[in-house]
Amino acid sequence: MSETIVLLDPTAELLPATRKRLPRPKELEGRCVGLLDISKARGDIFLDEIEAQLVDRGVSVKRYQKPTFARVAPVGLMQRIAGECQVVIEALAD
Amino acid sequence: MDIPSDGLIVVCKRDCATCRMVVPVLQELVLSEHPLTVYSQDDPGFPEEIEGVVDDTELSGSYELAIEAVPTLIQMRGGVEQARAVGWDRAEWQVLTGLERLGQDLPATRPGCGSKSVEPGVAEILAVRFGGIHLAARRIEAPMLEDEVETCFANGWTDGLPVVPPTEVRVVRMLAGTDRAPDDVVAVVPPNQAPCTVEKVAINAVMAGCKPEYLPVVIAALEAACVDAFCLHGLLATTYFSGPVVIVNGPIAKAIGMNSGVNVFGQGNRANATIGRALQLVVRNVGGGRPGEIDRATFGTPGKYTFCFAEDEAGSPWESLAVEHGFAEESSTVTLFSGSGVQPIFDQRSREPDSLARSFAACLRSVVHPKIPMTADAMLVVSPEHGRVFRRAGWTKRQLRERLEQLLQLPGAELVRGAQGIEEGVPAALGDATLPKFRPGGLGIVHAGGTAGLFSAIISGWVASGPKGSQLVTREIKS
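Sequence order for the protein chains is Z and C.
To get my numbering, take the position in the first sequence, counting from 1, and add 1.
To get my numbering, take the position in the second sequence, counting from 1, and add 54.
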């Protein structure tokens with residue numbers, strides 16, 4: 002497909018080269034959790050259960066669905082989730 | 055590739071008429087039982103008449119032997135080159151091989167062709183491939199299927215605009231712009247006080263879009279920015295608007311095609327745009343000065359992407375900024391100024407220098423705030439049309455500066471807190487004093503801009519100007 006391209010690090014190399022994940026939130030209070038169904042079979046059942054548990058704990062939840070698991074989420078959907086939620090849980094597997 | 059340590063070596067290519075012409079000579083050498091190794095750069099099947107031709111289409115042999123033109127004949131003994139002949143020169147080849155009658159049917163001389171290993175752009179690729187240059191920077195692989203421009207964004211290396219991905223080959227090409235070794239330390243860059251090598255400057259210059267010939271300017275700009283008097287650390291961390299402004303003087307400005315004329319502070323000139331940007335990328339990437347982290351600017355200024363221009367010396371009525379600071383006219387320099395943005399001066403009526411000086415003074419008074427003196431420096435940029443007014447009247451730069459200083463002696467009563475219904479101002483105790491708008495040496499004057507337009511410009515400085523903050527720093531540009 003394509004060759005890997007090697008770049009030279011322009012920084013002072015004070016940090017590890019691997020990209021860091023965003024810090025995980027310590028608690029969910031005051032945050033909105035997005036539940037993203039990628040349109041794979043039974044993802045909704047898994048997310049229904051997660052939603053029930055979160056709601057029991059008083060966490061606000063919003064549900065989203067990708068049109069198809071075969072493609073990345075449409076930009077509009079990603080922007081909506083980013084605008085409305087601080088945490089996202091995706092149901093990835095069948 | 056193992057180079058034979060003894061015997062004769064000939065490097066050639068089919069695409070070269072002289073190489074094809076000397077094939078009978080190569081046959082003579084084989085018949086004479088000289089140990090002979092033939093390298094072919096473009097076709098291992100050439101010359102058909104010679105057995106065991108070495109396939110050098112990868113050019114590793116040519117690179118190792120530093121071949122500049124083909125055919126090249128080299129005599130090796132004990133792993134050491136004894137002699138070489140470039141192109142066809144019968145007498146030379148005869149001496150080198152010891153065969154007195156070699157190539158007697160051929161013309162006496164024929165120039166060769168350029169070696170494929172020195173074609174434009176190839177030398178750097180070979181240097182990277184065969185280890186001809188050592189680059190110390192950490193290698194980072196762009197993930198498969200990710201656009202490498204996106205990799206640069208994802209790693210946080212950019213100023214918000216796309217950068218040129220810094221591949222090894224591009225960095226080697228950039229380094230050709232300076233005589234300095236890649237591991238030379240140029241400066242210690244705040245805020246992280248990180249030592250910055252020539253190589254790191256080159257990587258960031260690649261990303262900024264510089265040509266190799268701009269690199270010495272970027273290096274000198276970084277040196278100047280990191281001199282203590284410039285106070286880069288404070289300039290980075292301030293909530294104020296300012297950032298480094300790079301002013302280039304001397305012959306290099308013309309040599310690398312910098313803009314000192316039309317739209318001088320605007321877009322469109324590669325050297326202006328990328329030199330200033332390269333400096334900012336070094337500050338970001340090597341120094342760690344990132345907006346929202348140590349960079350706490352309330353507004354910033356678009357000039358923090360890049361702010362670099364050349365002084366128009368040829369059209370100036372005065373000596374240049376660099377000459378004023380004691381540098382020779384023929385030297386090339388960068389001057390670093392902490393600038394906040396461009397404030398226009400509009401005066402289409404003044405034809406007498408005193409009237410124009412009064413216009414300048416009225417506008418300069420508003421730098422930072424009309425009621426605040428001696429806080430920020432300023433760089434007055436006089437346009438060609440305004441410059442002509444002073445030239446006609448025979449005003450020197452010194453005369454203009456002295457007149458501006460006179461006009462900018464401000465009565466304390468107008469400046470004290472509460473005066474003019476404005477709470478901002480100087481303490482009431484200074485009400486009887488007369489205060490200069492600018493500290494001594496705080497007003498710079500340069501000449502630049504397009505030839506049409508009765509405007510000039512003020513680049514207002516940082517509110518921490520002077521010995522306790524940032525001062526103008528000039529450095530000579532060296533290759």
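One or more of the hints may lead you astray.
To be verified - To give an idea of the interface, some chain C residues facing chain Z are shown, with a C-beta separation under 10 Å as derived from the structure:
#	residue
1	Ala181
2	Arg183
3	Phe184
4	Gly185
5	Gly186
6	His188
7	Arg193
8	Leu215
9	Pro216
10	Val217
11	Val243
12	Glu253
13	Ala256
14	Ile348
15	Arg350
16	Thr352
Keep in mind the hints are simulated off the structure, nothing from the lab.
Using N, Cα and C, we set each Cβ at its ideal position, and we do this for glycine too.
Do the hints match the structure? See the list:
1. Ala181: violated (14 Å)
2. Arg183: violated (12 Å)
3. Phe184: C:Phe184 check fails; min Cβ-Cβ to chain Z is 16 Å, beyond 10 Å.
4. Gly185: Violated: closest Cβ of chain Z sits about 15 Å from C:Gly185, beyond 10 Å.
5. Gly186: Violated, because the Cβ-Cβ distance from C:Gly186 to chain Z comes to roughly 16 Å (cut-off 10 Å).
6. His188: violated (12 Å)
7. Arg193: holds (5 Å)
8. Leu215: violated (15 Å)
9. Pro216: violated (14 Å)
10. Val217: The hint holds - C:Val217 has a Cβ within 10 Å of chain Z, the shortest such distance being about 9 Å.
11. Val243: holds (8 Å)
12. Glu253: holds (8 Å)
13. Ala256: holds (9 Å)
14. Ile348: Status violated, d = 14 Å.
15. Arg350: violated (20 Å)
16. Thr352: violated (25 Å)
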